[in-house]
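J.: Each chain, letter by letter, is given below.
There are 2 protein chains.
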Amino acid sequence: MSEEADHDHRPLVLMHRLPSFALPFRDRLHSHFRVLDPHSSITAGETPQAFLSRHAASVQALITVCPSPVAADLLDLLPSLRVVVGSSAGVDHIDVAECHRRGIAVTNAGNAFSEDVADYAVALLLDVLRRVSAGNRFVRSGSWPQKGEYPLCSKLGGKRVGIVGMGSIGSEVAKRLAAFGCRVAYNSRNKKPSAPYPYYANVCDLAVNSDVLVVCCALTDKTHHIINKDVLTALGRDGIIINVGRGALVDEKELVQYLARGEIGGAGFDVFEKEPEVPKELFAMDNVVLSPHRAVLTPESFEAVFEVIMANLKAFFSNKPLLSPVKLE
Amino acid sequence: MSEEADHDHRPLVLMHRLPSFALPFRDRLHSHFRVLDPHSSITAGETPQAFLSRHAASVQALITVCPSPVAADLLDLLPSLRVVVGSSAGVDHIDVAECHRRGIAVTNAGNAFSEDVADYAVALLLDVLRRVSAGNRFVRSGSWPQKGEYPLCSKLGGKRVGIVGMGSIGSEVAKRLAAFGCRVAYNSRNKKPSAPYPYYANVCDLAVNSDVLVVCCALTDKTHHIINKDVLTALGRDGIIINVGRGALVDEKELVQYLARGEIGGAGFDVFEKEPEVPKELFAMDNVVLSPHRAVLTPESFEAVFEVIMANLKAFFSNKPLLSPVKLE
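In order, the protein sequence lines correspond to chains A and B.
In this text, residue positions in the first sequence follow the working numbering: the first is 604, and each later residue adds one.
In this text, residue positions in the second sequence follow the working numbering: the first is 604, and each later residue adds one.
Mixed in with the good hints, there may be bad ones.
Copies of the same chain look alike in the list, so a pair counts if it fits in one copy or across any two.
With a straight-line Cα cutoff of 25 Å, these simulated DMTMM-like cross-link-like pairs (lysine to aspartate or glutamate) come out [claimed, not checked]: (1) K750 x E878; (2) K825 x D698; (3) K750 x D889; (4) K750 x E876; (5) K825 x E701; (6) K778 x E903.
Honestly, the hints are just simulated from the structure, not real lab data.
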């Protein structure tokens, strides 16, 4: 480490990310923290691993950029680590249980992304119901003058929308859909006193009573493939699935089959099980809207998550309560 | 006319439409009215004109399917006509002034389409801001695994949305956008006591103070090209235009130029000046969403407009007040 670094009194923070996922506000972080980023700070010829082991002993705080995993193997390298600051709403890439066992706190993006993700869920639902993307393709292909009228679409108002996961995102989705005249119900681990909508403890029961399911719960061992064959059958052939949570919340292989057989009405996906891979069968379907995991990709969301990350780091280094700690379920 | 028709006591209604625009509920109309449709009722060898002149003298009520024009030349053929029942919200295809001069009442679709059109305006706005259709194309083209991350889009919440035309559709748009956290203002002929939003008497002033314009006013001589060069300049290079009214409300040629030069941020069109022709320059633009005039194309809207048409016809034939009379401006 250079002499300059030795006299640097900014707290040390390790940036943990995949090479292709950079945070847009790195310079602003640098003004408060000494940021170690193996992908941009290493000296020529050094491997990221070598760089890491050179600095690992003193690192107390780590920022992790989804989907870069934080598990026992990484934690073993960082004996002083006391906080993992996440930059996403979902923390399925972080082994929270293992962190907690080692006395390491974990934070997430809090509500920073909730409004943008909720907006995107509504956008996907409107697109599937009203065939906006399909109509756009129809016009751009030059088909309108030749083929004339386009097939009917379906009204949003009056639809029974089941929200799977009534957290911060789910409640923003519900607020928006109420303005369109939808009838909202929900499933979550527990009934929420703050949510004035019918509660279903079982997702299949919710699906039977819904025209649309919006999936926005956290991905955990318990919610993996929460949208399975039984739920799809319960939702029925006119039913629509919107997924803005994580790909693995839906049994994608089953859903593709249901769509191919016409046993489900349509779907909007912002997330997939094996991103960026998307099942090719979906490409030919007009009742499906595909999006490259971008529900949070606005400058406004990035600014909001920067504030949350800064607040968590500042709280940590001044021994105050963290802004958005993740509790173990 | 057959002997059967002579003994038919159902009131006579003339259907006025282009061959390619049929109403979906014709059979249900038939159960209450004797519907004369030159495109389906004529006997072999007869021209629509000959058919019309054979029945014209007794026709008191006419249903017109947009965009089939109702003007002096048609009215001249129908000396007994007393009501023109429109099936659309906009009546720019009907010469309302000429009808009124002849003592002929005109009705429109009332509020039947307002919710669906408002939903569609929000869908187009979300699509332009969040690049849903563009993202869909990106995924379907197989670009995601190759090109990786997609450009940032823009958050709906906080946007200043100027609504041009605060009628039934405009107020439904405002209600929806409020749930997304937008700041709504509006322009219309007159300030509306029922609209709790800032009012601008001048569209340019509204544009200067807006990030987005949603155009949903009636097309009249006064509103033709209401979105012109000056308004586009006032809206500015990040501004977005959504048009769910009529194509000719926007100076399309100018707008295409502004888009091509990057002097406006993006646009969503459900309507065009020369439908179904769409300016080819738009096909290559990613910041534009094109839709084949389908904001009302849901079974729910069709059912609602059927109810309005039936109510107007029944009121007319029983000398009661019409449900949705169009007043001359």
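J.: Look at each hint and say if it fits the structure.
T.: Results for each hint:
{"no.": "1", "hint": "K750 x E878", "result": "between (36 Å within a copy, 13 Å between copies)"}
{"no.": "2", "hint": "K825 x D698", "result": "within (14 Å within a copy, 64 Å between copies)"}
{"no.": "3", "hint": "K750 x D889", "result": "both (16 Å within a copy, 24 Å between copies)"}
{"no.": "4", "hint": "K750 x E876", "result": "between (36 Å within a copy, 19 Å between copies)"}
{"no.": "5", "hint": "K825 x E701", "result": "within (17 Å within a copy, 69 Å between copies)"}
{"no.": "6", "hint": "K778 x E903", "result": "both (20 Å within a copy, 23 Å between copies)"}
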